[in-house]
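Given the coordinates of chain A, assemble chain B onto it according to the supplied hints.
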Amino acid sequence: MEKPINYKNFYYPPGGILIWIIIGLELLTFMGGLVAFAVFRSNNIELVHESQHHLSALIGTINTIILITGGFFMALGIKKIKKGLNNQASKMILYAILTGFMFLALKGYEYYDKIIDGIGMRTNTFFSFYWLITGFHFIHVSVAILILVALYISIKKNKYSKDDYLDVETGGAFWHLCDLIWILVFPIFYLL
Amino acid sequence: MKKNSTLIFIWIILVVLTIVEYTFSEISTYSKLAFFGIIIASFIKYIGVAFQFLELKHAHPFWKSFSIIIVLLFITIITVLYL
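Chains as they are written, first to last, in the working numbering: chain A, 3 to 194; chain B, 62 to 144.
Looking at chain A on its own, in the form it has when it is part of the complex:
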């Protein structure tokens, strides 16, 4: 039986230090992009306000709720695997995967709507930022879904237990990273 992880140790934050280095770098990268957008906005307020009218705050809000719900299921899944409840854990992770697909579907609809309206990366600088930052986040969610699918299959095969769940926690941390990024991206592009 392995010793329980001591999260208070600097080298063992939930999910392990390597994923936390990634989380830190990713957050700083997205924050840098959003600050660059904010600088652009401060000099081009009219253009930004006009461009924002092409975005649906309602769709953004629904997508935020979907992603947060996915984070909730992921957090529950980790609680379950820590208790050795593999069946329940896999079910929670499956729900998280489904919310991920729902997010991508709604985002895909939003992108389709923009493309139909002839709005692309070259439309103006606002949409260059929009496509780059939300598109980069879209890729993150897609990768997170692949990670969760791999974890789901592994849990179903009983490769993890209440004494060996670090991979699940690491995958969950990446999933929550997508939540954290979106929590910052959503108000900047859709609300403010």
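Careful: at least some of the hints might be erroneous.
[To be verified] Pair ranges (Cβ atoms, derived): (1) A:61 / B:74: 18 to 28 Å; (2) A:38 / B:126: 37 to 47 Å; (3) B:142 / A:126: 41 to 51 Å; (4) B:93 / A:168: 38 to 48 Å; (5) B:133 / A:12: 30 to 40 Å; (6) B:126 / A:51: 13 to 23 Å; (7) A:163 / B:92: 26 to 36 Å; (8) A:107 / B:122: 36 to 46 Å; (9) A:164 / B:92: 46 to 56 Å.
[Claimed, not checked] DSS-like cross-link-like pairs, simulated, lysine-lysine; straight-line CA separation at most 30 Å: (10) A:81 / A:161; (11) B:118 / A:93; (12) A:81 / A:159; (13) A:84 / A:158; (14) A:85 / B:125; (15) A:10 / A:81; (16) A:93 / A:109; (17) A:164 / B:125; (18) A:81 / B:118; (19) A:116 / A:161; (20) A:81 / B:125; (21) A:161 / B:93; (22) A:10 / A:116; (23) A:10 / B:118.
Keep in mind the hints are simulated off the structure, nothing from the lab.
Positions of the beta carbon are idealized from the N, C-alpha and C atoms, including for glycine.
Same frame as chain A, but now just chain B:
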């Protein structure tokens, strides 16, 4: 069971805050009240996800401080540039 209740409570708070953000943006677009309402709600959501879902509450103080400092720095820069 208690831990599940905590997560459910946090999830409800996060959903409500998201709806509050949307309402602020719809009711009073571009006002200072709406701006601060949305920024504060986003900050609370970020902390909720990081500390409760990601379980940062159990981590070494360095990781807690790092997460809080970078988001506060981000919010400060955004506030300066937006207002």
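For this structure, which hints from the list above don't hold up? 2, 3, 5, 6, 7, 19, 21 and 22
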